[in-house]
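Colleague: Listed in order, the protein sequences are those of chains A and B. Counting from 1 along the first sequence, just add 16 to a position and that's the residue number in the numbering used here. Counting from 1 along the second sequence, just add 16 to a position and that's the residue number in the numbering used here.
It cannot be assumed that every hint is accurate.
Identical copies carry no separate label here, and so any pair may be met within one copy or between two of them.
[To be verified] Taking lysine-lysine and the DSS-like style, the derived pairs with C-alpha atoms no more than 25 Å apart in a straight line are: (1) LYS314 x LYS350; (2) LYS382 x LYS88; (3) LYS254 x LYS314; (4) LYS357 x LYS388; (5) LYS292 x LYS314; (6) LYS313 x LYS254; (7) LYS254 x LYS350; (8) LYS382 x LYS313; (9) LYS350 x LYS292; (10) LYS382 x LYS328.
No wet-lab data here; the hints were simulated from the structure.
Protein chains: 2
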Amino acid sequence: MGSNRHPRATVHHFAEPFTFETPFMGHSGTIPELYVAYEVWGDRRNPAVLIGHALSQNTHATDLEHPDDDRKSWWSSMVGPGRVIDTNRFYVICINMLGGCGGSSGPATIDPDTGRPFGLNFPIVTVGDMVRSQKRLLDALGIERLYAVIGGSLGGYQALEWAIMYPDFVERIVPLGAAGCTNQFMIMTNRVQIDAIQMDCNYNHGNYNDKDDSLTGLAIARMVGFTTFISPITMERKFAKYHESQREPIRDSDFHEQMFHEAEDYLRRVSGPFSKIFDANSMVYLLQTWNHFDLAKKYGSLAQAFRDVQAKTLMICATGDNLFPPYLSEDVYKAMQVNDKPARVLLIDEEYGHDFFLIPDIIFEKISPPLKEFLDE
Amino acid sequence: MGSNRHPRATVHHFAEPFTFETPFMGHSGTIPELYVAYEVWGDRRNPAVLIGHALSQNTHATDLEHPDDDRKSWWSSMVGPGRVIDTNRFYVICINMLGGCGGSSGPATIDPDTGRPFGLNFPIVTVGDMVRSQKRLLDALGIERLYAVIGGSLGGYQALEWAIMYPDFVERIVPLGAAGCTNQFMIMTNRVQIDAIQMDCNYNHGNYNDKDDSLTGLAIARMVGFTTFISPITMERKFAKYHESQREPIRDSDFHEQMFHEAEDYLRRVSGPFSKIFDANSMVYLLQTWNHFDLAKKYGSLAQAFRDVQAKTLMICATGDNLFPPYLSEDVYKAMQVNDKPARVLLIDEEYGHDFFLIPDIIFEKISPPLKEFLDE
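Chain A on its own, in the form it takes in the complex (with noise of 0.2 Å):
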């Protein structure tokens, strides 16, 4: 049973029952205690900047000892002093994502009622209960106001959420590689990851045994979100000079591996590990999150959603982002502007795939200008 917890992560427990969005049919949909992870970054008195991270990702959005090293913390191109997200000018926080496992309540956490994971007996996770946790959390750290919350991917949900559930909480939201519903596209690729984790001999119902590591439908599951992740361009352009120079087979010692790409070996490389420092239930409840997340039909229609909101947005979106293309990002713009809400969307010119928010060139020359810019307004 793997965990992304990182040391510095802070937890808070909450011991009052915590509901979620989504009561089913023989489950309460509420949990009797409440863990909350984060990490603080900057002086308490700057305004606060709410980080939302993706699917994989935990608390360390940046590492202050590690300003440059990519591998300490998961943003630290965007989140610094001297980074567009200031940490010398604002209040960062970044908070473990519920139903995740990074240190909040998820499928993973002891049920005090049984002494065992909650497993699949956890409820189900929707992007406003996460939202509601978080929400928890800064009362109880009595933040009274948002400067802006910022996130990619799922963290981009969350964004959005927040402007629609605490509308006079949050004063600007930044969803990168985002949308206001999941494309059918991912929804197929997260449905080919569950079954991938749930079909696993091993996986047992999600009652596997909390010492195993060897959840391969977990590391397939993973596999099958980096075939996504970058274009199919990016993936030619990384990996067609290794294709190219291979010429004689590289490993003797298996038939069946002796030809043997470049572009195979990065795969496994960055999967199987990923199953390890991951909860294959967290994963599960995570892509189901993820394809049931689903504004329009959540407040009836898209325009509905933001007839309160009082936050100013800006989607950010590239044109090689397969999971979340460009007319998602559209789509949210035009529910905003019938609403006369100030929405803009800032358009990347930049093939790189959907982590474009992750890379540190895209970010310092493409991203971080315009970025601050809306931050200043």
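Fit chain B to the given chain A structure using the hints.
Modeller: What follows is chain B alone, placed relative to chain A:
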């Protein structure tokens, strides 16, 4: 151990050994006998046209008794009386690819030396091997010349190798959705599929129970494939209406399936049955065939590969094909041009995705007219 051998297929048995292109250490690269399955349509005295089928298909390219029923054969819009590959005008032959499970020799074939299926002891299969096995059959049938070789995807690879390996045997080739090498995106998604199959607890290093139809890894692999065969925008058009309409849970029985999208249902519907009619080892072998196909690597360069080609070439590609983006067809065209070979590219402005060459509307409107012209030249 699934098989997609069609009842109409004739299986030709060669008692002589067949040696593959790629002998590896510990493997002779030879099988002691060879089976080649095929179907034919039309008059034997007409010019012969060879159809190359794609990975999951079989010999049954058309069904003369059900010419308008897509489900009875896989290419009846293309092949039949009055179709562009006209069975009144051509002698049409479709051969099951070597390594497959549609009647030709493959890993599920019984090794006469052991009395058990070859399994992973079957030699590595290249597109060149497929073509050589097909040539052996055509020789046995007394066919001395091919008017055309036409095939999509892996069938398109076969068409290219035919023109290279037997230049004076082939007058025309028409690869659809193909290329001179497999691009990195496809190499990656193929690798995910191979690993999904091989990591299945019931796979047992390829020695799975031949009555076992519970190889979920193969179903997962197929689901991965399906997320790449049609383009994201096609998925959106195909499924978004269901997504929108489905405002209530459609299943009560399973908590975690309550909110299930049509797109997810579709994926399972098309993938589950496949795992019962296809052999998992064949899938592994053919995905590897795909990943190792690289004419530039085999022949020194793409231009070098086409040096002796005599066939006229028509590459057909489509804008929305992420697996075989048009630039790969352009690469073939340029390498043909270097050699002053009569080649051209037909770029179809069609967002459907890689499977464009299987879709009746696209075949009738956009493929058949230019293809007829090419075949009439």
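Colleague: As a check of your reading, is LYS254 near LYS314 (CA-CA no more than 25 Å) within one copy, between copies, both or neither?
Modeller: For LYS254 and LYS314, only the inter-copy Cα distance (22 Å) is at most 25 Å; the intra-copy one is 40 Å.
Colleague: Reference check for the pair LYS382 and LYS88, CA-CA at most 25 Å: within, between, both, or neither?
Modeller: For LYS382 and LYS88, the Cα distance is within 25 Å only inside one copy (23 Å; across copies 52 Å).
Colleague: Between copies, within a copy, both or neither: which fits LYS313 and LYS254 at Cα up to 25 Å?
Modeller: between (39 Å within a copy, 18 Å between copies)
Colleague: If the cut is 25 Å between Cα atoms, do LYS314 and LYS350 qualify within a copy, between copies, both or neither?
Modeller: Answer is within: at 18 Å inside a copy they meet the 25 Å cutoff, but 52 Å across does not.
Colleague: How would you label the pair LYS382, LYS328 (within, between, both, or neither) given a Cα cut-off of 25 Å?
Modeller: within (20 Å within a copy, 47 Å between copies)
Colleague: How do LYS292 and LYS314 come out at 25 Å by Cα distance, when the copy is not named: within, between, both, or neither?
Modeller: For LYS292 and LYS314, the Cα distance exceeds 25 Å both inside one copy (35 Å) and across copies (39 Å).
Colleague: Between the shortest in-copy and the shortest cross-copy C-alpha distance, which are at most 25 Å for LYS254 and LYS350: within, between, both, or neither?
Modeller: between (36 Å within a copy, 23 Å between copies)
Colleague: When no copy is named, should LYS382 and LYS313 be tagged within, between, both, or neither for a Cα gap of at most 25 Å?
Modeller: Answer is neither: 33 Å inside a copy and 38 Å across each miss the 25 Å cutoff.
Colleague: If the cut is 25 Å between Cα atoms, do LYS357 and LYS388 qualify within a copy, between copies, both or neither?
Modeller: within (20 Å within a copy, 55 Å between copies)
Colleague: My question is about LYS350 and LYS292: at a cut-off of 25 Å on alpha-carbon distance, are they close within one copy, between copies, both, or neither?
Modeller: neither (42 Å within a copy, 47 Å between copies)
The structure does not agree with the numbered hints 5, 8, 9 stated previously, though it agrees with the rest.
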